[in-house]
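Chemist: Protein chains in written order, with my numbering: chain A, 520 to 1003; chain H, 847 to 1091.
To be clear, the hints were calculated from the coordinates, so they are not data collected in a lab.
Be a bit skeptical, because a hint or two may be false.
[Stated by the list, open to error] The following label-pair restraints were derived from C-beta to C-beta distances: (1) Glu956/H - Leu817/A: 45 to 51 angstroms; (2) Thr1074/H - Arg845/A: 37 to 43 angstroms; (3) Pro934/H - Leu817/A: 37 to 43 angstroms; (4) Leu997/A - Ala872/H: 53 to 59 angstroms; (5) Ala1073/H - Arg845/A: 38 to 44 angstroms; (6) Pro905/A - Thr972/H: 24 to 30 angstroms; (7) Ile857/A - Tyr857/H: 41 to 47 angstroms; (8) Leu820/A - Arg977/H: 33 to 39 angstroms.
Every residue gets a Cβ at the ideal spot worked out from N, C-alpha and C, and that includes glycine.
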Amino acid sequence: MRALIHIFVVFISLLSSAALAQPLTIGSKLYTENVLLGHLAAQSLQDAGYPVTHNEQLGGTRILWNALLSGGIDVYPDYTGTISEEILAGQSIDSRQEMVTALSAFGVGVTGNIGFNNTYALGMRREQAEALGIETISDLRAHPGLRFGFSNEFMERQDGWPGVSAEYGLAPLSVTGLDHALAYRGIASGNIDVLDLYSTDPEIAFYDLVALIDDQQFFPDYDAVFLYRNTLPPDAVAALERFAGAIDETAMIAMNAAVKLDQRDDAVVAGEFMDSRFGIVSEQAAIGLWPRFVQNTLDHLTLVSISLGMAIIVAIPMGVLAAKVRALETLLLGISSILQTIPSLALLVLMIPLFGIGALPAIVAMFLYSLLPIVRNTHAGLRQIPAPVMESARALGLPNSLILRRIELPIAIPSILSGIKISAVMNVGVATLGALIGAGGYGQPILTGIRLDNTALILEGAIPAAVLALLVQGLFDLVEKRIR
Amino acid sequence: MIAIQNVSKLYGQTTVLAGISLTVPAGTTLSLIGPSGCGKSTLLRIVMGLITADEGQVAIDSEVMAPQNRLALRQRMGYVIQSGGLFPHLTAHDNLTLVTRYLGWRVDQENQRIGELCDLTGIDETLLARRPGKLSGGQAQRVSLMRALMLDPPVLLMDEPLGAIDPLVRYELQNDLRSIFRKLSKTVLLVTHDLGEAAFLGDRIALMQEGQVIQDGPVRELLHNPATAFVEQFVTAQRSPLQDL
Chain A
520 MRALIHIFVV
530 FISLLSSAAL
540 AQPLTIGSKL
550 YTENVLLGHL
560 AAQSLQDAGY
570 PVTHNEQLGG
580 TRILWNALLS
590 GGIDVYPDYT
600 GTISEEILAG
610 QSIDSRQEMV
620 TALSAFGVGV
630 TGNIGFNNTY
640 ALGMRREQAE
650 ALGIETISDL
660 RAHPGLRFGF
670 SNEFMERQDG
680 WPGVSAEYGL
690 APLSVTGLDH
700 ALAYRGIASG
710 NIDVLDLYST
720 DPEIAFYDLV
730 ALIDDQQFFP
740 DYDAVFLYRN
750 TLPPDAVAAL
760 ERFAGAIDET
770 AMIAMNAAVK
780 LDQRDDAVVA
790 GEFMDSRFGI
800 VSEQAAIGLW
810 PRFVQNTLDH
820 LTLVSISLGM
830 AIIVAIPMGV
840 LAAKVRALET
850 LLLGISSILQ
860 TIPSLALLVL
870 MIPLFGIGAL
880 PAIVAMFLYS
890 LLPIVRNTHA
900 GLRQIPAPVM
910 ESARALGLPN
920 SLILRRIELP
930 IAIPSILSGI
940 KISAVMNVGV
950 ATLGALIGAG
960 GYGQPILTGI
970 RLDNTALILE
980 GAIPAAVLAL
990 LVQGLFDLVE
1000 KRIR
Chain H
847 MIAIQNVSKL
857 YGQTTVLAGI
867 SLTVPAGTTL
877 SLIGPSGCGK
887 STLLRIVMGL
897 ITADEGQVAI
907 DSEVMAPQNR
917 LALRQRMGYV
927 IQSGGLFPHL
937 TAHDNLTLVT
947 RYLGWRVDQE
957 NQRIGELCDL
967 TGIDETLLAR
977 RPGKLSGGQA
987 QRVSLMRALM
997 LDPPVLLMDE
1007 PLGAIDPLVR
1017 YELQNDLRSI
1027 FRKLSKTVLL
1037 VTHDLGEAAF
1047 LGDRIALMQE
1057 GQVIQDGPVR
1067 ELLHNPATAF
1077 VEQFVTAQRS
1087 PLQDL
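Excised from the complex, chain A in its bound form (with noise of 0.2 angstroms):
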């Protein structure tokens, strides 16, 4: 009897533990730094036994941040000035005890620095800097004819340009919001003339740049830390904790050289430190073009038929209602012209709290844009059928659902056609932007092609959306001269 006892403990804690290898989901920023530690701590993971996905440059800190509170992903790595001075804005947090409680407070853990501080920075190229005698950012006051280029999240942080404006009263006259990667092709081809670093990347000393003094010492410390969801398993904790302290900025510089300015695969970049540094030794092949591409297409076409199906399946009714129910006409037609003058980035963003992350948000996002051309093109297409025709139908003394089956929809089908073609040809396009919230598709490379700087990986993705659009376009041309 003990001895089963024993047996049954034995067989109750193999499965609980089977029951912690919980698929575990990883979330990385849209700057190669960030997503290089995302693939860091997925490898390590991996290595303590853990399945892993992870969702590659999903977004900046606050789509990050949010995601982790609705658990879409488990871990992402950040850094202590932004949780300080961004994701805890308004608790004064002095101590590093003090952000540990303040994060515990949402469920979240925080492991201890990776080792280096990537903080902000003002830079400038080298000669025009020296030849205007700017060596600090106050110097920039006298100034004020530069052109700023700053990156959006850093436009908008009060840790970025708002706070540094104010804490040095700069006013220049130029500062435009650019992507991070695209700003410094902009300061290297003479377009901007300041721009926002992180001190650890490679770019600094690839296009001869300086970074300015920060002589009020306004930027606070950005020691890279990893976020976690406090239900982590221990071992997965541990599993992170091991990089505190192992990476120092020199080789956090290199693995961002390695990337950016090699152009090597992420992946394969973090596998050999991780091979280098703790001996774990992984799979890290560099995908190839092909099947990435059948990936990428997979996962757009899935994208755009599914919310393309579901807004066929709602729209149509809709669109009948409207035609049908006066008191529902300005209704239904006003809730589908305001859902399509939501900008479809917004739309997509505003789905992450209600569905978090991945395919279903970007589907439920696309479904809801593509609902109109639909409700439009189906009231429009019933409400045009001539008086007489309508008459005669009723007058032969058929109900109304059969009038609305063989006489109505059937001479509608060509406006309510050409509303599915304008949703699937704008879906095809809209898709595109699904992978800024996770979902994949041909958005994907374009996204890292802009991180890495790489146009044949932008080609990669916006070649074949182009071209699925037209085909798309050209299918329904087709079946519209079939059935005229």
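Given chain A's structure and the hints, the job is docking chain H onto it.
Modeler: Structure of chain H alone, referenced to chain A:
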């Protein structure tokens, strides 16, 4: 028999029909005539149950039209309108069989009925494979008449059935219609604005003015014994081609 009792209809403040009572005995044809806007088409739509009267009632073979029996009563009336009444997306054949298919007729029943009606209306059966857009005006109206007669209804309602047909074809169709009405002894209510057509096809003529029936009787009575000055004016306002010679 069609019995219209005290039917009134208002559109907003405008009185379209003011207490109309008319009877069309079984097997006879009544021509409704009058100037544009006198309410004759509205009256026809009320008989068909397409519009509801504000007051009064309509009975078909002493069955009073009500929401419950509206669909059934419509199937006992054939309806032909001026033009555009055929379903543009269906072939002429499918226009004819839409209602019989709904009522569950067998294909051989349908084909037999279509054969009979082709003979009756003088249409070439091969034309039925065409869509309405590929038929001439006269052919389309013959198909409309066939569709109205598919279920062999006792009552026919026609709203300017020949209004958009050119004169030669109209002349021919008027002859055909009269012989069909007589042969089938249908109860017919026909709206027209042409006195000659009204007299040729109708056993009686009801002349309407501003929502009221001014005079109702055989054409002779309207000609020789006009009830009002308006009736006299209306029946004499017909131009003969020989008038100015």
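Chemist: For the hint 45 to 51 angstroms, verify it against the beta carbon of Glu956/H and that of Leu817/A.
Modeler: holds, 49 angstroms
Chemist: Hint says 37 to 43 angstroms; check whether the CB-CB distance for Thr1074/H and Arg845/A agrees.
Modeler: Given a distance of about 42 angstroms, which is inside 37 to 43 angstroms, the answer is holds.
Chemist: Please test the hint of 41 to 47 angstroms on the beta carbon pair from Ile857/A and Tyr857/H.
Modeler: violated, 35 angstroms
Chemist: Taking 33 to 39 angstroms as the stated bounds, is the beta-carbon spacing between Leu820/A and Arg977/H within them?
Modeler: holds, 37 angstroms
Chemist: Please test the hint of 24 to 30 angstroms on the beta carbon pair from Pro905/A and Thr972/H.
Modeler: About 27 angstroms separates the Cβ atoms of Pro905/A and Thr972/H, which means 24 to 30 angstroms holds.
Chemist: Could you see if the CB distance from Ala1073/H to Arg845/A stays within 38 to 44 angstroms?
Modeler: Given a distance of about 43 angstroms, which is inside 38 to 44 angstroms, the answer is holds.
Chemist: Do the Cβ positions of Leu997/A and Ala872/H conform to the proposed distance bound of 53 to 59 angstroms?
Modeler: holds, 56 angstroms
Chemist: Assuming the hint says 37 to 43 angstroms, is it satisfied by the Cβ distance from Pro934/H to Leu817/A or not?
Modeler: holds, 42 angstroms
The structure shown violates just one earlier hint, number 7.
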